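Between the sequences and the hints, there should be enough to build the whole structure, so can you do that?
Number of protein chains: 2
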Amino acid sequence: MKALLIIGDGMADRPLKELGWKTPLEVARKPSMNHLASVGVCGIMDIIAPGVPPGSDTATLALLGYDAFHVYSGRGAFEALGWGIKVLDSDVCFRCNFATIDENFMVLDRRAGRIADADAAKLAESLKAIKISAPLVKFLFANTVQHRAVLVLRGSKLSSAISDSDPGTVGEKVLEIKPLDESVEAKFTAGILNELTQKFHEILKEHPVNKERVARGQPPANIILLRGAGTLPKIKPIGEIYGVDATCVAATSLIRGVCKTAGMHLLDVEGATGTAQTNYMAKAKAAVKALEKSDFVLLHVKAPDVASHDGNIKQKVEVIEKIDRMLAYILNKADLGETYVTLTADHTTSCVTGNHEGDPVPLAIMGPYVRGDDVEEFGERTCAKGGLGRLKGKDLMPILMNFLGKVKKFGA
Amino acid sequence: MKALLIIGDGMADRPLKELGWKTPLEVARKPSMNHLASVGVCGIMDIIAPGVPPGSDTATLALLGYDAFHVYSGRGAFEALGWGIKVLDSDVCFRCNFATIDENFMVLDRRAGRIADADAAKLAESLKAIKISAPLVKFLFANTVQHRAVLVLRGSKLSSAISDSDPGTVGEKVLEIKPLDESVEAKFTAGILNELTQKFHEILKEHPVNKERVARGQPPANIILLRGAGTLPKIKPIGEIYGVDATCVAATSLIRGVCKTAGMHLLDVEGATGTAQTNYMAKAKAAVKALEKSDFVLLHVKAPDVASHDGNIKQKVEVIEKIDRMLAYILNKADLGETYVTLTADHTTSCVTGNHEGDPVPLAIMGPYVRGDDVEEFGERTCAKGGLGRLKGKDLMPILMNFLGKVKKFGA
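The listed protein sequences correspond, in order, to chains A and B. Note that the first sequence covers residues 1 to 412 in our numbering. Note that the second sequence covers residues 1 to 412 in our numbering.
I should point out that these hints are in silico values taken from the structure, not numbers from a laboratory. Remember, it's a predicted structure, so these values are computed and weren't measured experimentally. Just so you know, nobody snuck in bad clues.
If you anchor each label on the Cβ, the simulated ranges turn out as follows: (1) B:Leu88 to A:Lys138: 57 to 63 Å; (2) A:Lys187 to B:Asp89: 48 to 54 Å; (3) B:Trp21 to A:Arg29: 25 to 31 Å; (4) A:Glu195 to B:Lys408: 55 to 61 Å; (5) B:Pro237 to A:Trp21: 50 to 56 Å; (6) B:Phe410 to A:Asp89: 38 to 44 Å; (7) B:Gly387 to A:Arg154: 55 to 61 Å; (8) B:Gly389 to A:Gly84: 42 to 48 Å; (9) B:Gly263 to A:Gly84: 56 to 62 Å; (10) B:Gly389 to A:Glu195: 51 to 57 Å; (11) A:Gly84 to B:Leu88: 55 to 61 Å.
In this text, a Cβ means the ideal position worked out from N, Cα and C, and glycines have one as well.
In structure tokens:
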């Protein structure tokens, strides 16, 4: 037996006035999702805990069966891992933005006009020569997509108990990074990061790429904003816990990083971009193919979350309908006599607030030995009447692995 | 007010192709169970946690209100207690099998042809004279039913952190018992057990009973396989927690041992055997009678689990129908104005896999002040729609004791 877990990122929503107080899932045309719900067993999940809005990283940890409250150690390491950097246990990692500041370090644009990859790459290259004054600490810096980048601090006596330099909004000054506890390590690390921020700025502000950008009327990428200090979480790989081979099909580096930490294989899929224009069918094909070799496959689609953050209701509905056609392909091609297919969301993202919200998400599992229920439609409200009741996100993985006969009996 | 808890061991199942994708409970003729469900309040329970297959011992601990994850300390002590041995806090106990090995210690039959009690008793008697080389350690050995036996190691400096000698399958060699941690005690205990295993074998292989067995064409019981090292769990008796008098009606020694540990009275019922041929009515009568004296009575029927482990679907349905007639007697004879009657299973046992599975179990409670719901049939899927929702196993006991007014208010 195998298990496929399909996650529509931020696919759940609240009822919207624009949709006659229905949710995007409720109004979307989704025959395959409804089929899954009607032959399967449904429920709702509090991914972290009732009312708590999950991050994308903690949500994925929970859906892989980990207790995120206990194991989460910041976002940074997942970003670095997801981008292919080999992260060490002692590394402290950051999610970074190329951004634009004025001469008083006031943030004018947190994304430096969503700088193109080519410009960002040249700027990143120029930062490599920088030396940190502390002799035993090195850094790795890599631009990823557009304004996004990762920073890895490597050495001994480092701590992730430090604050962000990213103020989170324009119109505020770049923040001084401060230790968040009394340790020598936190003070030491904060000092290094403030030094690096200054040195990055000195090189960036004079860089020819930025002079060209200004000449073209684009905002210069003259600062690196840091946030989400994180270390590798101490978790057992899925393979060790359940004795299964596990594969991740996802484009978003944060999700890839979490799956990598859990010991999963990462597939690269042509045309999978983490945007609304991603190649849904290529991902579906890759997932079905991965099921030949792996016992457990996670298929993550970022698009509904992107639409929700933009408050784009119409796009969210369209994207859900595309996921439904992706699911149709999967239900046609997968060996359904041998496969448990599960559909859920990692969190509710509200098209009104544009934020992750703590409302529960719908869940449907179909497969040979599920106890099917009366639910005939996949949605936030219909699934709440299902046979699974209300679960926690971290319960899903043992439930799936139990169907695969991979959960050890507790007791005799 | 009183409470009767009826546990059908392994009574829940997954939908079975042979039953038109219904479960044995769903197809069984069970008017009394359905009556209980329709006048009562229903729900489903994860006995340990969602997806986690419970053992019979951890499941019973949970159903008695204990947090099995915290208190469980192995199977052995329950087996010994259930057989009537007075177990001390410092004892380390084992579930044992009389088994058959060849000259290379390869296991040929893990049950020595399900050796008859009379043979096993004579063999057990001959082992009593053995002396352990460690001067301060003694052992008690008792055959129980057929090939089953218990071993209690008594002395100071003993540890239960040791591995089994039972390889669990035929065709493998008897395992050397090894310490599972770095302690002196674990190493010491493992040494004693390897010595005992050798000394048992030396006596058994030359024993006249075994020579007669071989002459009759039966496999000789020439080794004792050990597993499930356990000590008494540190738990408060039910009487102390809730101030109730509690009684157990069960034939299976493992279940009797758990109930004994929880401070319950153990009833011996004529004809109660722990098999499909057990005297259901005698158990029902004993339970109703026990309710005159006790506030809480647990009535355990092993039969559905036995049928499931054998993959015998027809027998499982029949056994459920017998339990239904047992319930009919109880509903006729008990004082229903004064009694909460509860029916559930301790775990799902699949007739397909023959194993305990982590799927939830159905639950129904009837009694004067329950908030009845719309459920009209007792089953895995119908109960999922009930008014109790989805509970954990350890929640049931406080719920029942609350109806009896026996749960202390928390706060002022």
